[in-house]
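2 protein chains.
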Amino acid sequence: MNASEFRKRGKEMVDYIADYLEGIEARQVYPDVEPGYLRPLIPASAPQEPETFEDIMTDVEKIIMPGAASPACTELETVMMDWLGKMLELPEAFLAESGGEGGGVIQGSASEATLVALLAARTKVTRQLQMASPELSQASIMEKLVAYSSDQAHSSVERAGLIGGVKIKAIPSDGKFAMRGSALQEALERDKAAGLIPFFVVATLGTTPCCSFDNLLEVGPICTEANVWLHIDAAYAGSAFICPEFRHLLNGVEFADSFNFNPHKWLLVNFDCSAMWVKKRSSLTGAFKLDPLYLKHSHQDSGLITDYRHWQLPLGRRFRSLKMWFVFRMYGVKGLQAYIRKHVQLSHEFESLVRQDPCFEICAEVTLGLVCFRLKGTNEQNEALLEKINSAKKIHLVPCHLREKFVLRFAICSRTVESAHVQQAWKHIRELTTELLRAQKK
Amino acid sequence: MNASEFRKRGKEMVDYIADYLEGIEARQVYPDVEPGYLRPLIPASAPQEPETFEDIMTDVEKIIMPGAASPACTELETVMMDWLGKMLELPEAFLAESGGEGGGVIQGSASEATLVALLAARTKVTRQLQMASPELSQASIMEKLVAYSSDQAHSSVERAGLIGGVKIKAIPSDGKFAMRGSALQEALERDKAAGLIPFFVVATLGTTPCCSFDNLLEVGPICTEANVWLHIDAAYAGSAFICPEFRHLLNGVEFADSFNFNPHKWLLVNFDCSAMWVKKRSSLTGAFKLDPLYLKHSHQDSGLITDYRHWQLPLGRRFRSLKMWFVFRMYGVKGLQAYIRKHVQLSHEFESLVRQDPCFEICAEVTLGLVCFRLKGTNEQNEALLEKINSAKKIHLVPCHLREKFVLRFAICSRTVESAHVQQAWKHIRELTTELLRAQKK
Numbered sequence: 002m003n004a005s006e007f008r009k010r011g012k013e014m015v016d017y018i019a020d021y022l023e024g025i026e027a028r029q030v031y032p033d034v035e036p037g038y039l040r041p042l043i044p045a046s047a048p049q050e051p052e053t054f055e056d057i058m059t060d061v062e063k064i065i066m067p068g069a070a071s072p073a074c075t076e077l078e079t080v081m082m083d084w085l086g087k088m089l090e091l092p093e094a095f096l097a098e099s100g101g102e103g104g105g106v107i108q109g110s111a112s113e114a115t116l117v118a119l120l121a122a123r124t125k126v127t128r129q130l131q132m133a134s135p136e137l138s139q140a141s142i143m144e145k146l147v148a149y150s151s152d153q154a155h156s157s158v159e160r161a162g163l164i165g166g167v168k169i170k171a172i173p174s175d176g177k178f179a180m181r182g183s184a185l186q187e188a189l190e191r192d193k194a195a196g197l198i199p200f201f202v203v204a205t206l207g208t209t210p211c212c213s214f215d216n217l218l219e220v221g222p223i224c225t226e227a228n229v230w231l232h233i234d235a236a237y238a239g240s241a242f243i244c245p246e247f248r249h250l251l252n253g254v255e256f257a258d259s260f261n262f263n264p265h266k267w268l269l270v271n272f273d274c275s276a277m278w279v280k281k282r283s284s285l286t287g288a289f290k291l292d293p294l295y296l297k298h299s300h301q302d303s304g305l306i307t308d309y310r311h312w313q314l315p316l317g318r319r320f321r322s323l324k325m326w327f328v329f330r331m332y333g334v335k336g337l338q339a340y341i342r343k344h345v346q347l348s349h350e351f352e353s354l355v356r357q358d359p360c361f362e363i364c365a366e367v368t369l370g371l372v373c374f375r376l377k378g379t380n381e382q383n384e385a386l387l388e389k390i391n392s393a394k395k396i397h398l399v400p401c402h403l404r405e406k407f408v409l410r411f412a413i414c415s416r417t418v419e420s421a422h423v424q425q426a427w428k429h430i431r432e433l434t435t436e437l438l439r440a441q442k443k
Numbered sequence: 002m003n004a005s006e007f008r009k010r011g012k013e014m015v016d017y018i019a020d021y022l023e024g025i026e027a028r029q030v031y032p033d034v035e036p037g038y039l040r041p042l043i044p045a046s047a048p049q050e051p052e053t054f055e056d057i058m059t060d061v062e063k064i065i066m067p068g069a070a071s072p073a074c075t076e077l078e079t080v081m082m083d084w085l086g087k088m089l090e091l092p093e094a095f096l097a098e099s100g101g102e103g104g105g106v107i108q109g110s111a112s113e114a115t116l117v118a119l120l121a122a123r124t125k126v127t128r129q130l131q132m133a134s135p136e137l138s139q140a141s142i143m144e145k146l147v148a149y150s151s152d153q154a155h156s157s158v159e160r161a162g163l164i165g166g167v168k169i170k171a172i173p174s175d176g177k178f179a180m181r182g183s184a185l186q187e188a189l190e191r192d193k194a195a196g197l198i199p200f201f202v203v204a205t206l207g208t209t210p211c212c213s214f215d216n217l218l219e220v221g222p223i224c225t226e227a228n229v230w231l232h233i234d235a236a237y238a239g240s241a242f243i244c245p246e247f248r249h250l251l252n253g254v255e256f257a258d259s260f261n262f263n264p265h266k267w268l269l270v271n272f273d274c275s276a277m278w279v280k281k282r283s284s285l286t287g288a289f290k291l292d293p294l295y296l297k298h299s300h301q302d303s304g305l306i307t308d309y310r311h312w313q314l315p316l317g318r319r320f321r322s323l324k325m326w327f328v329f330r331m332y333g334v335k336g337l338q339a340y341i342r343k344h345v346q347l348s349h350e351f352e353s354l355v356r357q358d359p360c361f362e363i364c365a366e367v368t369l370g371l372v373c374f375r376l377k378g379t380n381e382q383n384e385a386l387l388e389k390i391n392s393a394k395k396i397h398l399v400p401c402h403l404r405e406k407f408v409l410r411f412a413i414c415s416r417t418v419e420s421a422h423v424q425q426a427w428k429h430i431r432e433l434t435t436e437l438l439r440a441q442k443k
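Each protein sequence line maps, in turn, to chains A and B. For the first sequence, the working numbering assigns the number 2 to the initial residue and increments by one for each residue that follows. For the second sequence, the working numbering assigns the number 2 to the initial residue and increments by one for each residue that follows.
Hints in this document: simulated from the structure, not taken from any laboratory.
Which copy is meant is left open, because identical chains are indistinguishable; a pair holds if it fits in one copy or across any two.
Restricting the straight-line Cα-Cα distance to at most 27 Å, the calculated cross-link-like pairs of lysine-lysine (BS3-like) are:
| hint | residue 1 | residue 2 |
| --- | --- | --- |
| 1 | LYS9 | LYS324 |
| 2 | LYS63 | LYS394 |
| 3 | LYS63 | LYS395 |
| 4 | LYS145 | LYS170 |
| 5 | LYS343 | LYS428 |
Input sequences plus hints: build the corresponding full structure.
In structure tokens form, the structure reads like this:
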């Protein structure tokens, strides 16, 4: 949507809201629809081609308004998570429409998704162990629980361990910054031999420092074999899996108990919207479920409906699936794929500019929209270059450490980025580099 | 703001956003302002009288846009939490402007605030005990930790205990559904004698079932004496404390370590916005702080700035203080007070209608906007009446249990509610009651 259509549609929406508020007394306070009303009114998959704003607003009036906030909010979320799951070709077991035990939920952030998964895994293993040995206290079990992630995993994984009160250990990644099966296996065996209880592994697809990918096809079977909950954090990279040419990066997801990525990062859905799927709903709800009378409703024992409050940390929730519905339909799957592909192409364009310059080196494989690069020189030189770039305030880079190296990260992430911006950015970096090297020679 | 002004201002805002997007290339990617730039540009307190939309938009352009997302997002939040804290007459120790150790933060929900407080308290007591006896493991401490709340507390308190992996015990409330000092003291002594470690108490101001108030002036000193973290959950009632005539309900807050209420419930700020204050910032940040390189910035060791990511469960955050700023200025403190007073007056109007009818009884003291009432009859009769009311879908009531009684709850909570609605609702309830009693006689 360009700015002129945004002006038009935005103003129509303002009127829609004002009309709603002015006419609110004529509306019923509680909807007439029955649980499950929404799914049959909506296609089973996201459209391939873009639809018009009018089409979507017609459906808002016809499909959403009769279902008011509830159950429309819940049911649209379940269907949108199925749409998105199918775009990623997630295994059926993760989709609610399969009629199995799985399904999706929108969390606020990947940090919350990781924490929710860890808590569910903690509850599951505790119950299993107490079933076998009823004399074990929760604390005596928790003392021995260990979670694992690669040494490249996001800080939110360590934080989830802190909050959940369990040990969390970093598995050394390989030369490509990936967690491999052998290193995980070794840690599991060592810890089991020491009397500890491995219960949770976070595999990262698209790490924060350099967008590396843990080896799911190795890690997955090891987790299954060891009866350890496998959570996949693909916060950034997940959006790319809607393109067939990147889907192989998700191979092995079939071994996971839970999978999460952030459409708010790279799929044009506004912050916040973190998509999480589980293979077994009852593992999540088992960790959180409490049912006071003021939250009871007539459908809760029917098995027909989803109570997302048992899937998450907060009780209340916003109607976040609406923005997914709008974005998926306004772009169509093809439009979203084109958006991802353009960003990846632009990052390769930047990569090749860097590679052509003998002063610079590429520090990690460029797979998606992130390019890790640095001056062939000392860390101090690279820190000075970063300082120069960020002080100029024309572009902004966030650094990382890869092993002992201080590395600059060039991320393609704006909705409106074009080749011209990439070219300008590189020219700018080159100029600042020349200045820096000249000053250092003096 | 009425619907016609909303149409005008909403459309201006759409243009403002479109203009911003069209002109974005001319903007700098990183602001020039220094940490602390915002506070001197904004009054120290919320205005008493309403201001105009133009005034606020002028300030957005002048004060917020130069500070972009960061640091404006953080700094406006800190100042808005001070404004709100002063509206409630919170003790200085909770205000960031006092230059002390306290301050406020916006959480997503009261559930998260309770959990964050519990985790902070857990970390604090664990560190204190390990300082004294370094041989103690975290698990051996957690096994003995006990948190407390009244038997009327919200289910999210029990849930926080589940998530935090600690015991949580319900203190029997008194005849007015309030937690009293004696009952708490008794539980603390009994548990200490049994070798347990009391570490956390949640006092509720305005319970969910009947809006009762725990006795802070009794509970507070006991917590201080026992070195137990006192968290106050005033999720609903907190908004009323901006009126001097209700402020006494908050007396004793000076004993608390943390205090929370939801402006999104009753202060005209859209969902979600949960306001939390702590007396000692470092207790929160101590529980969560991790500092990877990709989240480092040049000001973090200066002591000048607030990193809210260490105050909450998620890492990312939305710019939620903007809506507080708009609401506080557009209504002014007097406008917000008038809004609260109107609701309380309407609930008393409903209360007196109920009291005039010999078939009904009031089941708990009416203090704010909630009226608990029931037919003088069996629980089955009241359940049947509720079913009849909610099936008619003209009004919607949520029930509760008070001791053995099934009780109906009439809540005044709409922005546009008037006396006429209350009268209509009561007439409607009376008619359905007559129908019900007639049918039961047959």
